[in-house]
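Numbering (our numbering) for the sequence shown: 1 to 78.
Think of the hints as simulated: they come from the structure by calculation, not from any bench.
Glycine included, C-beta positions come from ideal geometry on N, C-alpha and C.
Please note: incorrect hints may appear among the correct ones.
[Said to hold, decoys possible] So the derived label-pair ranges between C-beta atoms look like this:
no. : residue 1 : residue 2 : range
1   : G3        : L25       : 51 to 59 Å
2   : A42       : L11       : 19 to 27 Å
3   : P53       : L25       : 43 to 51 Å
4   : I28       : W7        : 46 to 54 Å
5   : S48       : P26       : 26 to 34 Å
6   : F39       : G3        : 16 to 24 Å
7   : I47       : G6        : 32 to 40 Å
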Amino acid sequence: MFGIGGWELALIVLIVLLLFGAKRLPEIARAMGKSINEFKKAKDEFISSSTAPPPQNDTKKTDSTSDNKAPGDDKPEI
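Construct the complete structure from the given sequences, taking the supplied hints into account.
Below, the structure is given as structure tokens:
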């Protein structure tokens with residue numbers, strides 16, 4: 001696990017326990033867990049948004065001969 005042996009891990013836990021105290025240790029662990037969870041959610045959301053296909057344009061194709069008339073051109077010629 002990250003190249004950390006048993007003694008190194010025990011020493012890190014002891015230092016953290018001395019710095020923060022036994023009462024705050026569960027609170028800190030909970031906050032770290034929530035932070036890691038939020039980071040994973042953001043990472044997954046970014047990956048899914050970057051791999052998703054771009055949205056399709058919903059423009060209708062129009063007949064070019066009927067829509068190019070100016071207003072008032074629909075009057076019959078005499």
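> Which numbered hints are broken by the structure, listed smallest first?
Replying inline: Hints 1, 2 and 4 not satisfied by this model.
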